[in-house]
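Colleague: What follows is the residue order along each chain.
2 protein chains.
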Amino acid sequence: MAKIGVMIDKMFEDVEYTQPVKAFQEAGHEIINLGIRKIEVNGKKGKASVQIDEKIADCDSSKFDAILIPGGCSPDNLRGEPEAVEFIQKFSETNRPIFAICHAPQLLITAQLIDGRKITGWKSIVQDIKNAGGKYQDQEVVEDGNLISSRGPSDIPAFISACLKKLDNINY
Amino acid sequence: MAKIGVMIDKMFEDVEYTQPVKAFQEAGHEIINLGIRKIEVNGKKGKASVQIDEKIADCDSSKFDAILIPGGCSPDNLRGEPEAVEFIQKFSETNRPIFAICHAPQLLITAQLIDGRKITGWKSIVQDIKNAGGKYQDQEVVEDGNLISSRGPSDIPAFISACLKKLDNINY
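Quick note, the sequences are listed as chains A and B, same order. Position 95 of the first sequence, counted from 1, bears residue number 94 in numbering that gives the first Met the number 0, the numbering being contiguous throughout. Position 140 of the second sequence, counted from 1, bears residue number 139 in numbering that gives the first Met the number 0, the numbering being contiguous throughout.
I should point out that these hints are in silico values taken from the structure, not numbers from a laboratory. Bear in mind that the values here come from a model prediction, so they are computed numbers and not experimental data. No residue lacks a Cβ here, since even glycine has one placed at the ideal position from N, Cα and C. Misleading hints may appear alongside valid ones.
What the hints assert, rightly or not - Only some residues are given here: those of chain A computed to face chain B with a beta carbon under 10 Å:
1) Cys58
2) Arg78
3) Thr109
4) Ala110
5) Ile124
What the hints assert, rightly or not - No farther apart than 25 Å at their CA atoms in a straight line, the calculated lysine to aspartate or glutamate pairs in the DMTMM-like style are these:
6) B:Lys122 / A:Asp64
7) A:Lys129 / B:Glu25
8) B:Lys117 / B:Asp64
9) A:Lys165 / A:Asp114
10) A:Lys44 / B:Glu85
11) B:Lys129 / A:Asp114
12) B:Lys122 / A:Glu39
13) B:Lys43 / B:Asp154
14) B:Lys44 / A:Glu80
15) A:Lys43 / B:Asp64
16) B:Lys46 / A:Asp13
17) B:Lys43 / A:Glu25
18) B:Lys164 / B:Glu25
19) A:Lys129 / B:Glu82
20) A:Lys122 / B:Glu39
21) A:Lys165 / A:Asp137
22) B:Lys129 / A:Glu92
23) A:Lys43 / B:Asp114
24) B:Lys122 / A:Glu85
25) B:Lys9 / A:Glu39
26) B:Lys44 / A:Glu39
27) A:Lys134 / B:Glu85
28) A:Lys117 / B:Glu80
29) A:Lys129 / B:Glu92
30) A:Lys46 / B:Asp13
31) B:Lys129 / A:Glu82
32) A:Lys117 / A:Asp64
33) A:Lys129 / B:Glu85
34) B:Lys129 / A:Asp52
35) A:Lys134 / B:Asp114
36) A:Lys122 / B:Glu80
One chain only, chain A, in its complex shape (with noise of 0.2 Å):
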């Protein structure tokens, strides 16, 4: 099964990591939590709290078959440090699946990884999306090659639901 890297940091939208953990735990998938520090990092709903397991910054990439970005504040404090968008660089070019939702396309922006590639967000980051190259689609789901997006929570169904499949049809 696949093992998921979830880049996350404070403040992140609570049930954008809490439903699509669940639902690729429940598929027998591995789960291991990314961040800046090995601390706890709280949901901005005061929902969900995350241990981190790993440091981005001692992290090998390669390892993992697939990225979770969830939503909230989580994606804008992940791109203010470095080591975060390099990482995010480094696996981007494993052409391994990426699961970007609501605020997620920021750290992708920062990483200058959507020009020219199909991709939904948040309403308050589509000009964002569009001045950095994405062709901004207002779906509940946008597929391109390795790359998996949505909108927001209420999205959160349909984007598992497409994440899963994807990772269906990776090769372990």
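Please arrange chain B on chain A, whose structure you already have, making use of the hints.
Modeller: Just chain B now, with coordinates in the frame of chain A:
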């Protein structure tokens, strides 16, 4: 003295509201808090709360001499609401001062107001500023015509000083 509208929503960066507002009031200027709803909004550090005086949707931008946009998550919340984007677009037509700190350029990006302008902002939004055509400068305060911007909390003294000087030069 100046009538200053402060565009603000929940999870603002506390000191980026409290310190400029205190300085502006001590200099004799009037502060009117503008928000999406007439509620009380809290800072992300839990150190300040702000009662919204006027709903942006009902507000005539021409009555303000200047607009202050504190940072934190507030600008991202505001730019998800069309009335906030339209308000700052309308206000900018008057060429009156806009004071933007930290994440505030996010609202200006969605309003498509920074193309070709010298501007600074929080480290996480540098790529968004550049993609929007802004001429990003890594300085404590950047002035380009009516637009005064700073990077974050540590720049507040320089930000306040530049804003007060600009307010002194307005003909009321």
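Colleague: Now tell me, hint by hint, if it's right for this structure.
Modeller: These are the hints, each one checked on the structure:
1. Evaluation of the A:Cys58 hint against chain B yields a violated restraint, the C-beta minimum of about 20 Å exceeding 10 Å.
2. Given hint, A:Arg78 at the interface with chain B, holds; its Cβ is 5 Å from that chain's nearest Cβ, closer than 10 Å.
3. Given hint, A:Thr109 at the interface with chain B, holds; its Cβ is 5 Å from that chain's nearest Cβ, closer than 10 Å.
4. At its closest, the beta carbon of A:Ala110 sits 9 Å from a beta carbon of chain B; the interface hint therefore holds under the 10 Å criterion.
5. With its C-beta approaching chain B no nearer than about 8 Å, A:Ile124 sits inside the 10 Å limit, and its interface hint holds.
6. Taking the CA atoms of B:Lys122 and A:Asp64, the gap is near 30 Å; set against the 25 Å cutoff, the hint is violated.
7. For a cut-off of 25 Å, the pair hint linking A:Lys129 to B:Glu25 is broken: about 42 Å separates their Cα positions.
8. Annotation: proposed proximity of B:Lys117 to B:Asp64 holds, straight-line Cα distance about 21 Å (limit 25 Å).
9. Between A:Lys165 and A:Asp114 the CA atoms are separated by roughly 22 Å; this keeps the pair inside 25 Å, and the hint holds.
10. Between A:Lys44 and B:Glu85 the alpha-carbon distance is near 29 Å, which puts this suggested pair outside the 25 Å criterion.
11. In summary, the hint linking B:Lys129 to A:Asp114 is supported, as the alpha carbons are separated by about 14 Å, within the 25 Å threshold.
12. Annotation: proposed proximity of B:Lys122 to A:Glu39 holds, straight-line Cα distance about 24 Å (limit 25 Å).
13. A hinted pair counts as satisfied when its Cα atoms are at most 25 Å apart, and B:Lys43 with B:Asp154 qualifies at roughly 18 Å.
14. For the suggested pair B:Lys44 and A:Glu80, the alpha carbons sit about 21 Å apart, so the restraint of at most 25 Å is met.
15. For a cut-off of 25 Å, the pair hint linking A:Lys43 to B:Asp64 is broken: about 35 Å separates their Cα positions.
16. This hinted pair checks out: B:Lys46 and A:Asp13 have alpha carbons roughly 23 Å apart, not beyond 25 Å.
17. In summary, the hint linking B:Lys43 to A:Glu25 is not supported, as the alpha carbons are separated by about 34 Å, beyond the 25 Å threshold.
18. For the suggested pair B:Lys164 and B:Glu25, the alpha carbons sit about 14 Å apart, so the restraint of at most 25 Å is met.
19. Restraint check for A:Lys129 and B:Glu82: satisfied, since their Cα atoms lie roughly 20 Å apart, inside the 25 Å limit.
20. A threshold of 25 Å between alpha carbons decides the hint, and for A:Lys122 with B:Glu39 the separation of about 24 Å falls inside it, so the pair holds.
21. Taken as a hint, the A:Lys165 and A:Asp137 pair is honoured in the structure, with Cα atoms around 21 Å apart against an allowance of 25 Å.
22. At roughly 24 Å between alpha-carbon atoms, B:Lys129 and A:Glu92 fall within 25 Å of each other, so this suggested pair holds.
23. Proposed proximity of A:Lys43 and B:Asp114 is contradicted: the alpha carbons are some 32 Å apart, above 25 Å.
24. Restraint check for B:Lys122 and A:Glu85: the C-alpha separation of about 15 Å stays at or below 25 Å, so the hint holds.
25. For the given pair, B:Lys9 sits about 24 Å from A:Glu39 by alpha-carbon distance, which is consistent with the 25 Å threshold.
26. For the hint linking B:Lys44 to A:Glu39, the alpha-carbon distance of about 18 Å falls within 25 Å, and the restraint holds.
27. Taking the CA atoms of A:Lys134 and B:Glu85, the gap is near 24 Å; set against the 25 Å cutoff, the hint holds.
28. For a cut-off of 25 Å, the pair hint linking A:Lys117 to B:Glu80 stands: about 24 Å separates their Cα positions.
29. Only pairs whose Cα atoms come within 25 Å are accepted, and A:Lys129 paired with B:Glu92 is accepted, the gap being roughly 24 Å.
30. Under the criterion of a C-alpha separation no larger than 25 Å, the hint pairing A:Lys46 with B:Asp13 is consistent with the structure, at around 23 Å.
31. Taking the CA atoms of B:Lys129 and A:Glu82, the gap is near 20 Å; set against the 25 Å cutoff, the hint holds.
32. Among the hinted pairs, A:Lys117 with A:Asp64 is consistent with the structure: their alpha-carbon atoms are about 21 Å apart, no more than 25 Å.
33. With a C-alpha separation of about 19 Å, the suggested pair A:Lys129 and B:Glu85 falls inside the 25 Å cut-off, and the hint holds.
34. A C-alpha spacing of about 34 Å is found between B:Lys129 and A:Asp52, which places the hinted pair above 25 Å, so the restraint is violated.
35. Annotation: proposed proximity of A:Lys134 to B:Asp114 holds, straight-line Cα distance about 20 Å (limit 25 Å).
36. Under the criterion of a C-alpha separation no larger than 25 Å, the hint pairing A:Lys122 with B:Glu80 is consistent with the structure, at around 9 Å.
In summary, the structure is inconsistent with hints 1, 6, 7, 10, 15, 17, 23, 34 from the numbered list given earlier, while agreeing with the others.
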